[in-house]
Every structure is written in structure tokens, then in C-alpha cells.
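Construct the complete structure from the given sequences, taking the supplied hints into account.
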Amino acid sequence: MSSFSRTERRNARMNAFVDQGQIISDRAYNLIIGLVVLYGLVVNYILCVTVGTDIFYSMNPIAFLILYAVLAIAGTVIANRSDSAVISFVGYNMVVLPIGVLVSFLVDVYGGVDSTVVSGAIYYTVIITAIMILAAMLFPRFFERIGGVLMVSLIGILIAGLFMSLFHMYSSVYSYVVAIIFALYIGYDFWRSQQYPRTANNAVDCALDIYLDIINLFIRILEILGRNGGGSSRRAQ
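As numbered in my numbering, residues 1 to 237 make up the sequence shown, in order.
It cannot be assumed that every hint is accurate.
Said to hold, decoys possible - DEER-style ranges, computed between Cβ atoms:
(1) Arg145 - Val43: 15 to 23 Å
(2) Gly21 - Ala63: 43 to 51 Å
(3) Tyr176 - Ala130: 14 to 22 Å
(4) Tyr39 - Ser172: 31 to 39 Å
FYI, nobody ran anything at the bench for these hints, they're computed from the structure. All residues carry an ideal CB built from backbone N, CA and C; glycine is no exception.
Below, the structure is given as C-alpha cells:
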């Protein structure tokens with residue numbers, strides 16, 4: 001997702017009219033964010049355990065990618081344009097499910113959920129996520145100031161990633177930079193979530209942002225550990 005769409009979504013959320021009857025407590029607001037993010041990650045884990053690469057062998061790869069893009073984009077639009085938490089949650093699922101299938105393929109390539117590489121990626125992602133959320137609570141001014149830097153950095157890595165894909169290039173430095181950017185985005189998006197009106201709908205929308213940050217971080221860590229470990233390591237059949 002582009003940095004421009006991120007900015008537009010956040011500005012629209014901040015400036016939207018909110019009926020005071022929709023306001024919930026801080027505790028309920030943050031609980032919804034946490035539960036919705038956790039729900040998405042658990043769904044992804046279940047897909048990793050049950051799907052693997054089978055779905056990719058059962059359908060045309062181009063058809064899958066088109067379906068993936070349509071669902072993910074439509075889900076994001078629905079979630080962020082809706083004023084209803086229920087409808088936003090439907091949009092959230094439209095993003096979580098196709099991403100989960102894609103992640104299940106990557107996880108299977110690196111040996112499945114029980115492999116050392118995947119277990120390590122999960123471990124580091126959980127630790128980094130916890131650290132960044134804690135940092136956002138302890139140092140809110142820092143995260144308030146880095147939004148513009150992160151936006152420019154995201155544009156840069158998207159351009160660099162496209163260039164590297166076209167010329168079949170790989171750089172470990174690039175992977176680490178991307179991982180750092182999305183780690184910082186976790187803290188930034190959590191800080192940002194605390195600036196919006198406390199509504200259930202905003203909580204679901206913020207959970208989507210944080211979920212995407214976590215998934216992007218996990219994928220990059222998985223790639224780093226996989227390459228450092230000698231590439232893909234498939235399970236013994």
C-alpha cells in the first residue's frame with residue numbers, strides 16, 4: 001500500500017465527524033485494537049498451518065494475484081471509508097484472508113511453522129512489535145516527529161524494490177532497511193491510533209494499519225533469516 005493512501009486514510013479518520021454517542025473508553029478502544037490485530041494474526045497462523053502451497057498449485061498464479069489485489073484493495077477501501085465498526089471489520093477480513101494465504105506460501109517455502117527460520121521470524125516479530133509499542137508509549141514526541149521521514153522512506157523503498165525486482169537484484173542492506181522502517185511504523189501507527197477519536201470504528205481501522213506493519217515486518221525478517229540460513233528449507237516429506 002502506498003504512503004499516499006496511508007496519509008489520506010489517516011487524515012480522513014482524524015477529520016471525520018464523530019457523534020459523541022460513539023465515543024468509548026480508552027480501555028475499550030485499545031482493547032479492540034489489540035483483539036482485532038491478534039485476530040488477524042491468528043487467522044494468518046491457521047492459514048499457514050492448513051493451506052501451505054497447495055492453493056498455488058490448484059489455481060492459476062496470475063488469477064490468484066489478481067484476486068489477492070482486488071480483495072486487499074477493496075477491503076482497505078471498505079474498512080477506511082465505513083463509519084461502522086462491523087463493516088470495517090468485514091473489510092479487515094478481506095485484507096487478512098488473502099494476505100494470510102500469501103504468507104502461508106512464504107512460510108511453507110521456508111519450512112513451515114515448525115521450522116527454525118519461521119519460528120525465529122515469529123519470535124523476533126513479536127519482540128520488536130512489543131518494543132515498538134512500548135517505545136511509542138514512552139516516547140510519543142519522537143514518533144510524532146518521524147511521520148514525514150517514514151513516508152519518504154516508504155516511497156524510497158517502494159521505488160528501490162521495483163528497480164531491484166526488474167533487474168533481479170537482492171541486497172541484504174535493503175532487507176534490513178525495510179525491516180527497520182516497518183518496525184518504526186508499528187510504533188508510529190500505535191502512537192497515531194491514540195490521536196483519533198475513541199470510537200470502535202477507528203479502533204478497527206487503526207488495527208488494520210498496525211496489522212499490515214506487523215505482517216510486512218514478519219515477511220522481511222523471514223527473508224533475512226531464510227537467506228542467512230542458506231535459503232529455503234522445506235520440511236522433510
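Exercise for the section: Confirm or reject the claim that Arg145 and Val43 have a C-beta distance inside 15 to 23 Å. Expected result: Roughly 34 Å apart at Cβ, these two residues miss the hinted range, so it is violated.
Handout entry: Whether the CB-CB distance between Tyr39 and Ser172 falls inside 31 to 39 Å
Key = holds (33 Å)
Handout entry: Ala63 and Gly21 - C-beta distance against the hinted 43 to 51 Å
Key = Given about 45 Å between the Cβ atoms, the range holds.
Exercise for the section: With respect to the beta-carbon atoms only, verify the hint that Tyr176 and Ala130 lie 14 to 22 Å apart. Expected result: For Tyr176 and Ala130 the Cβ distance comes to about 20 Å; the hint holds.
Checked against the numbered hints listed earlier, the structure breaks hint 1 alone; every other hint is satisfied.
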